[in-house]
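Novice: Residues per chain are reported as follows:
4 protein chains.
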Amino acid sequence: MSDNVYPAEQEYHDYIESSSTRWVIPPVMEELKSKAKEAGLWNLFLADFEDYGAGLSNLEYAPLSEIMGRSMIGSEAFNCSAPDTGNMEVLARYGTQAQKDEWLVPLLNGEIRSAFAMTEPAVASSDATNIQSTIRREGNEYVINGRKWWTSGAPDPRCKIMIFMGKTDVNASRHTQQSQILVPMDTPGVKLIRPLKVFGSDDAPHGHAEMLFENVRVPISNIIGGEGEGFAIAQGRLGPGRIHHCMRLIGCAQRAIELMCDRVENRVAFGKKLSEQGSIREDIAKSICEVEQARLLTLKAAERMDLVSYKEARDLIAMIKVVAPSMAQTVIDRAIQAHGAMGLSQDTFLPEAFAYARTVRLADGPDQVHMSSLGKQIIRRYAS
Amino acid sequence: MSDNVYPAEQEYHDYIESSSTRWVIPPVMEELKSKAKEAGLWNLFLADFEDYGAGLSNLEYAPLSEIMGRSMIGSEAFNCSAPDTGNMEVLARYGTQAQKDEWLVPLLNGEIRSAFAMTEPAVASSDATNIQSTIRREGNEYVINGRKWWTSGAPDPRCKIMIFMGKTDVNASRHTQQSQILVPMDTPGVKLIRPLKVFGSDDAPHGHAEMLFENVRVPISNIIGGEGEGFAIAQGRLGPGRIHHCMRLIGCAQRAIELMCDRVENRVAFGKKLSEQGSIREDIAKSICEVEQARLLTLKAAERMDLVSYKEARDLIAMIKVVAPSMAQTVIDRAIQAHGAMGLSQDTFLPEAFAYARTVRLADGPDQVHMSSLGKQIIRRYAS
Amino acid sequence: MSDNVYPAEQEYHDYIESSSTRWVIPPVMEELKSKAKEAGLWNLFLADFEDYGAGLSNLEYAPLSEIMGRSMIGSEAFNCSAPDTGNMEVLARYGTQAQKDEWLVPLLNGEIRSAFAMTEPAVASSDATNIQSTIRREGNEYVINGRKWWTSGAPDPRCKIMIFMGKTDVNASRHTQQSQILVPMDTPGVKLIRPLKVFGSDDAPHGHAEMLFENVRVPISNIIGGEGEGFAIAQGRLGPGRIHHCMRLIGCAQRAIELMCDRVENRVAFGKKLSEQGSIREDIAKSICEVEQARLLTLKAAERMDLVSYKEARDLIAMIKVVAPSMAQTVIDRAIQAHGAMGLSQDTFLPEAFAYARTVRLADGPDQVHMSSLGKQIIRRYAS
Amino acid sequence: MSDNVYPAEQEYHDYIESSSTRWVIPPVMEELKSKAKEAGLWNLFLADFEDYGAGLSNLEYAPLSEIMGRSMIGSEAFNCSAPDTGNMEVLARYGTQAQKDEWLVPLLNGEIRSAFAMTEPAVASSDATNIQSTIRREGNEYVINGRKWWTSGAPDPRCKIMIFMGKTDVNASRHTQQSQILVPMDTPGVKLIRPLKVFGSDDAPHGHAEMLFENVRVPISNIIGGEGEGFAIAQGRLGPGRIHHCMRLIGCAQRAIELMCDRVENRVAFGKKLSEQGSIREDIAKSICEVEQARLLTLKAAERMDLVSYKEARDLIAMIKVVAPSMAQTVIDRAIQAHGAMGLSQDTFLPEAFAYARTVRLADGPDQVHMSSLGKQIIRRYAS
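Chains as they are written, first to last, in my numbering: chain X, -5 to 378; chain G, -5 to 378; chain E, -5 to 378; chain C, -5 to 378.
There may be inaccurate statements among the hints.
Listed below are the simulated SDA-like cross-link pairs for lysine to any residue, each with C-alpha atoms no more than 25 Å apart in a straight line [claimed, not checked]: (1) Lys370(E) with Gln331(E); (2) Lys31(E) with Gly80(E); (3) Lys185(X) with Tyr9(G); (4) Lys370(E) with Tyr9(G); (5) Lys294(C) with Thr170(X); (6) Lys370(G) with Glu135(E); (7) Lys370(G) with Gln229(G); (8) Lys266(X) with Ile61(E); (9) Lys185(X) with Gln229(G); (10) Lys94(C) with Glu24(C).
Label-pair ranges, simulated between beta-carbon atoms [claimed, not checked]: (11) Lys266(E) with Leu186(C): 41 to 47 Å; (12) Asp121(X) with Arg130(E): 49 to 55 Å; (13) Tyr304(X) with Glu270(G): 42 to 48 Å; (14) Met(-5)(X) with Glu270(G): 36 to 42 Å.
Which chain E residues stay away from chain C? Per the calculated CB distances, all over 12 Å, these [to be verified]: (15) Asp(-3); (16) Lys185; (17) Lys191; (18) Tyr304; (19) Ala335; (20) Ser366.
No lab work stands behind these hints: they were computed from the structure.
Built from N, CA and C at the ideal position, the CB exists for glycine as well.
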C-alpha cells in the first residue's frame, strides 16, 4: 500500500480529470493490478473456493479488506472490489461450467468488470420482495424488462456483464418469485440512462448507473441456479459483502484518524499546534475508540460466519451494518473538520471516503431496517 | 419561490450538465433575476443603505434570507447571494464614489459578480492575522502577491472583480497589518489555478477557486478604506454574513424536513407507510425542534445587531455560527436517510444542501474556534 | 433569590438531614414564604385569574418560572410549585364556590399543600384513557378504589387534599369515562403505601407516594366540574404545566452553567485552570447555545398560548416537552462532570436538578410519546 | 446468579430500609457469601497470586466480573468487590508477611472489609501528584494528617482497615513524594465526617465517606512497600481495577437491555406492545451494539495486559475507561426510559446501576483526562 497504492492515488485522479470523458481507466490501475498479481496478492476473498482464490477464511480476509479499504483505489488493485467480489462468489457457487468459463474466469483475471442490477427506483428495495422487474421465458430465451438504478460499476468501460435480479413468477411464494440472470452489457435493449451522482460526484470511472431494460433477450442458459432462486442467492452474498464493506470502511476511518493526527501535529493556529488543543485530542481519542470497537465487532462477525454459519451470525452481521458505516461517517467527518476546508476538497481522500460511508448507510437497506430487525431479534431472545 | 424558483431548479442543473463546459450560466437564472427585479424583490439585504437596497433591518431581512435559502439557486435570483452581498456592503460602506460607480452599481444591478479572496492554503485563516499575501506600494500602484483558495465565485464567467486581502505592513500592530483592495479579474498576473471540489462536486458554475497572484498591479485608488483597515473591514462583514448563511441553512433544513414528510407519507416498505414508523416520526420531530430553535436563536441575533451593535451581539453571532450549520447538516442527513439512495443523488436538492451546511461549518473559522471563544466569553461572564 | 433563597438551601437540607423523620418542613421555608408574600411575590402563576394571582400572562410568567426554578426550593417559596399550581388552576377554573372556599383559599395562602393522584402502576398512564381506578356513585357519595403512584407531594405533612382521577363510567366514550374528584388526605381508606425514590433519593419532604384507595367515600359535592369531565380538565392543565416545568428546568440548566463557569475558573489540574482547556470551553459553549434555544422555544410556546389557544400551541408545547428536559439533563450532566465527584454529591444542587430533569422526561408521558405525536402532526402539515 | 443473587436483591434492600440505621449488613449477604465460598466461587480475581485466589488471568476473570456485576450485590457475594479487590492485590504484591497475616487473610476470608483513602476535596485528585495529606515520621510512628473524601466503603460497619495515601516527602521528585500506609479504622484521630451521597442516595451500607485524619499515629511497620512508593503502587492497581469496573458496568448494561426487552414485550400503550414500536427496537439495537463493542474492547485490554504488560496495554485501558462507563450510562438511561417512571424508582436495579456508571465516569480521573492522554498517545503514534 505504502510503496504502490497511496503514491498512485494522485495520478489516478489526475488522469481522469484531464481526460475528455470521465469514463476512462487510468493506466496506473492496470499497473497496480499487474504488480499485485505478480506478488500473489490477488483474489484474496472467496473464502470457500480455494481453486479460484486465496482460500482465506472470512476472519483471515477481513484485516486484508481493511488494509485495501484504506485507499479508494486499493480494493480494485488486488481484484477485490465490489460488486465483482459478490458476483464472482455467486458464479463460483451457483454458476454452470459454461457461465464460469465465460464470465468468472475473466473476472478472476481482472480482465473485465461486472455489475449487479438489483435496486429499483420505484420501490423500497430494502424489501427485496418489492422488486418489479420481470424475467419472462419465451422459448429458449428470457425476456427482461425493468428499470434499475444504483447499478454500480455499469458505467465502467470494462464492465461486460451484469447479474440482473427480477421476477420470473409473481404468483410464487414471496421468496421464490425472484431469479438472477446474466445479462451482457452489450445486449440489445440494455440502456444506460444516466450516471447517478453522490453528493454531486459521479464517482467516475466506476460510477452508479440508472439503467433501462427493454425487451432484453438472453438465452435460458444465462439463468443462475434456477428460476425462483434469486432471493436465496441474494441473501447468500449479503453476509460476506457486509463484512467486506465494513472492513473497508474501518480502513477508511483508521486512515482518516492517521491523517488527522498528522495534520494537527503540523498545523498552528492562534499560537499553538492544533494537537495541543484538548478538544482535538478528545476527537482523536473518541475516534480511535470507535474504530477499534467496530473492528473487533466485525472480526467477531467474520469469525462467527466461519465457525458457525451465516444464519447464526445474522445478529452480528446486522450489528456491524448498523455500526461501521455510521461510525466511519462520524470519524471521517471529524477528520474533515480538523483539516479545515482542505478536508472537503480533492486534496485528501476524505470526501470520497465520507461519501462511501454515507452510501453504505443506505446500501442493501437503510440502517433503520437493520436496527429494527436486530431489535426484534434481541427482544425475542430476552423477553420472557 | 413556488411559482418560479423551485420549478427552475431542474432546468438550471440540466443546462449545466449538457454544456461542453460546466462554467456557463443557465439562461433561466437571468430570467429569474429579471422577474425578481420587476417584482421589486431585489437587493433585499443592505440593512443600512436605503439608497441601494430595500432598507430592511437584519431582523426583517432574516426570514427572507431563509426563504431564498430554500433553493440553492434562490438567493442569486434575488441578487442576494454570497459573496456579492458582503462585497456590496463593504463597497457601500467604505468605497469611494469612483469605486461605487465602477463596481457597486453593476453588482447592484446584477450585471456582474464578484469574489472575496481571503483564505490561504498555507495557514489557518480562521486566525486572520496569519495572512501571508502581500500588497506592496510602488509609486502609484500596489503590487500584489500571494496564493488564495476557496475564492468562491471566481470561476463564474460573470465574475469581474475581487476584493483581495493581504498585508500592507507586516510591522504594524497585529490588526492593522491587513488591507483590502479591489482586483479586477482580468488584471495581468491573476491566475485561476483550479476549481476546488466539495465532496467531489465542483459546485459549477459558481465554484471555488485556487488562485495565484503574481506581481499583480492595480492603481492605488483601488484600496478600500485605507491601508491597515483590512482587518476591521473584514470583521464588519462577518456579523451580517453569518446571519445570512445561518438563515439560508435554516431554509435548507426546513425544506429538507418538508421533503422528508412528503417522502415518508408516500413510500411503503414492509407493508406500511414509512410515515407510520415510530423512528421516522421521531426523526421528524427532533428535526423540527432543532430547526425552530435555531431559527429563533438566529432571529434573536439579528434583532440584537439591529437594536444594539455587532459587538454586543458577538456572543449570539458565535452561537448561531456553532448551532445552525451543524443542525442543518444533521437534519439534512436524516432527510437523505429517509429518501434512501435517491437522497444522495442529483434527484433531490439534499446533497447540495448537505455540502453547503458542511462547508459553512468550516467557513470563516471552524466551529471549534467559535465554541472556544464563546466558552471563554461565558466563563468570563459568570465566573466569580 | 440571591438575598434569600440560595442562602437558605443549605439550612433547608441540613434541617431534613438532622431530623428523626425526613418528612418535616424546615422552618426556613415558612420564613421564605412570609418574605415572598410581604414582597408581593406570591401566586405569580394563574394567568387568567386576576382575583387570585398576579394576573400575568404565560409569557410574562415564564421568565419568573425560570428564575424560581434555579433553586429546588425556589418555586415553593413563592407559592408557585407543582402540583399545587395545577391544582389551584383547576379549582379556580372548575371549582364550585364551596370547593374554592375550602381548598383553593388555603392553597393560595400557602397554608396547606395538595397532590394530584393520576398515574397508576399497572398501566401506561401516558395514555390517560388507560386509567383503571374507579369512582362509583352510591347515594350521596362517591366510592373510590384504585392504586396510584408517583403522587408527588402526598408525603408532605402539610398535604391536606388530593385531586383524584378515575373512571365514573367505563361504558362512556373514550374521553368521557374519566372524572376528577377531591379527596381529603385524611379520608378513611386512603393509604400511603410507601415513598418512591428517584435514583435512590426520597426527595423529602415533598416526596412521591404510592397510594392505595380502598372504598374511599367522599360526598358527591367533591366532584370537579362533573362526571366525565376528567379527561378534558386534565388536558387543560397540561399546557401551562409543561411551560412551568420547562422554564424551571431551563433555570436549573442556566444555573448549572454558571456553577460550571465558576468551578472551572477556580480549579487547577495538570498545571492549568480547567477554564483554559478547550474541551471545557466547548462544553460550556454548547450548553449556553442549548439553554438559550430552549428558552426561546419555550417563550414562543407561552406566547402562542396567550395569543391563540392551547390547541393551536399544541405542536410548540410538544416541542418544548421533548427539548427542555432532555437538554437540561445533558447540560447538568456536563456540569457534574466539570465538578468532579463533588458534582454528584449533596454539596451542589446538581444531582437534585439532574433527577428533576430526568423525571420530567417521563412525567406526563415519555419523550417518545410526544415525539411520535409531534412527528405525526408535522407530516400531516407538509406531506402532499 | 439466577438461583441465589437476583432473588436476594429485594430482601437485601428491604433489610436496610427497615433498619433504624442504614449502616447495617443484611444477613442475606453473609448467606450468599457462605454459599459462594462453599461452591468454590471465591476470590476469583488476583491474577498473579494462585496461593490466594483462583489464579485466573485478566482475560479469564473479565467475563466473571461481568456476570457478578449484573447485580449491585453480586461482586461482594463472591468476595470480588471494590475497593477490597484492589487493596488485597496491593497487600499480596507489596505487603510484609505481618501485614498479610493481619489484614490480607481476613479480607480474603471475607471477614472484614477495607477502604482506600486517596481522593481529597481540595485538589484535583485525577492528578495524583496534587495530594496534600501528609505522612510524617516521628520515631517509630508515622503521624498522618489530611482530609479525604469519596473513601468508599469506610462507613460499612465491617470496614476495619484503610490504605491511606499521603506525602512523606514533599521535596522528593514528583512521583516519589507519595506513600501508602495502613490505617486501622479505629485508630485515634480518624473521623468519619459524613457520608457523601450520589444523586441523593447514600449507597448504604457501603457508602462513601468524607474523612478527617488529625494526628493519626500508626507504627512505621504499617507502611506499604516503602516511603516514596505510593505513586507506583497506585498506578499498579489502576489497570486491573479499570477492567473490573468496566466489566461490571458491561454486566449492568447487558442486564438493563434484558430488562428493557422484557418490559417492552409486556407493556401496552396506545393499543400496541411497546416492543412493536420502531424507536424502541432501535434503542435496543443500538444498545446491544454498544454493549457488545465495549465488551470486546475490554476483553482485548485484559488480554493485552496478560500477554504483554500494563504499560503496553495503557492505550487500551484508557479506551475502556472512556468507553464503558459512558456507554453504560447511555444504555441504562434508555432502559429507564422504556420502564417509565418505575425505571427511576427502587423497583428496578436501574437507578443504582445508573449512579454506578455515572460515578465511574469520574472515578480515578474524569473521562476528559483519559481522552486527552489517549489522544496525545495516538497523535504521537501516527503523526509524522
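Novice: With reference to the structure, classify each hint as holding or not holding.
Specialist: Evaluation of the provided hints:
Using a Cα cut-off of 25 Å, the hinted pair Lys370(E) and Gln331(E) is violated, with the two alpha carbons roughly 36 Å apart. For the suggested pair Lys31(E) and Gly80(E), the alpha carbons sit about 20 Å apart, so the restraint of at most 25 Å is met. Pair hint Lys185(X) plus Tyr9(G) holds up; C-alpha atoms about 22 Å apart against a cutoff of 25 Å. For a cut-off of 25 Å, the pair hint linking Lys370(E) to Tyr9(G) is broken: about 38 Å separates their Cα positions.
Taking the CA atoms of Lys294(C) and Thr170(X), the gap is about 43 Å. The hint is violated against a cut of 25 Å. Proposed proximity of Lys370(G) and Glu135(E) is contradicted: the alpha carbons are some 65 Å apart, above 25 Å. Taking the CA atoms of Lys370(G) and Gln229(G), the gap is near 19 Å; set against the 25 Å cutoff, the hint holds. Taking the CA atoms of Lys266(X) and Ile61(E), the gap is about 41 Å. The hint is violated against a cut of 25 Å.
Between the alpha carbons of Lys185(X) and Gln229(G) the distance comes to roughly 54 Å, so the proposed pair goes past 25 Å and is violated. Of the supplied pair hints, the one linking Lys94(C) and Glu24(C) holds, its CA atoms being roughly 23 Å apart against a limit of 25 Å. Distance hint check: the CB atoms of Lys266(E) and Leu186(C) are about 34 Å apart, inconsistent with the given range 41 to 47 Å. Restraint check, Asp121(X) to Arg130(E): a C-beta distance of roughly 51 Å satisfies the suggested window 49 to 55 Å.
For Tyr304(X) paired with Glu270(G), a C-beta distance near 31 Å fails the hint of 42 to 48 Å. Take Met(-5)(X) and Glu270(G): their Cβ atoms lie about 47 Å apart, and the range 36 to 42 Å is violated. With a least beta-carbon separation of about 27 Å from chain C, Asp(-3)(E) lies farther than 12 Å from that chain, consistent with its non-interface assignment. Annotated as non-interface, Lys185(E) keeps its C-beta farther than 12 Å from every C-beta of chain C; the closest such distance is 18 Å.
Its closest Cβ contact with chain C, about 5 Å, brings Lys191(E) to no more than 12 Å, contrary to its assignment away from the interface. Distance to chain C confirms Tyr304(E) as a non-interface residue, since its nearest Cβ pair spans about 21 Å, more than 12 Å. For Ala335(E), the condition that its CB be more than 12 Å from all CB atoms of chain C is violated, with the nearest at approximately 5 Å. Distance check for Ser366(E) against chain C: the nearest CB is about 8 Å away, which does not clear 12 Å, and the non-interface claim fails.
Checked against the numbered hints listed earlier, the structure breaks hints 1, 4, 5, 6, 8, 9, 11, 13, 14, 17, 19, 20; every other hint is satisfied.
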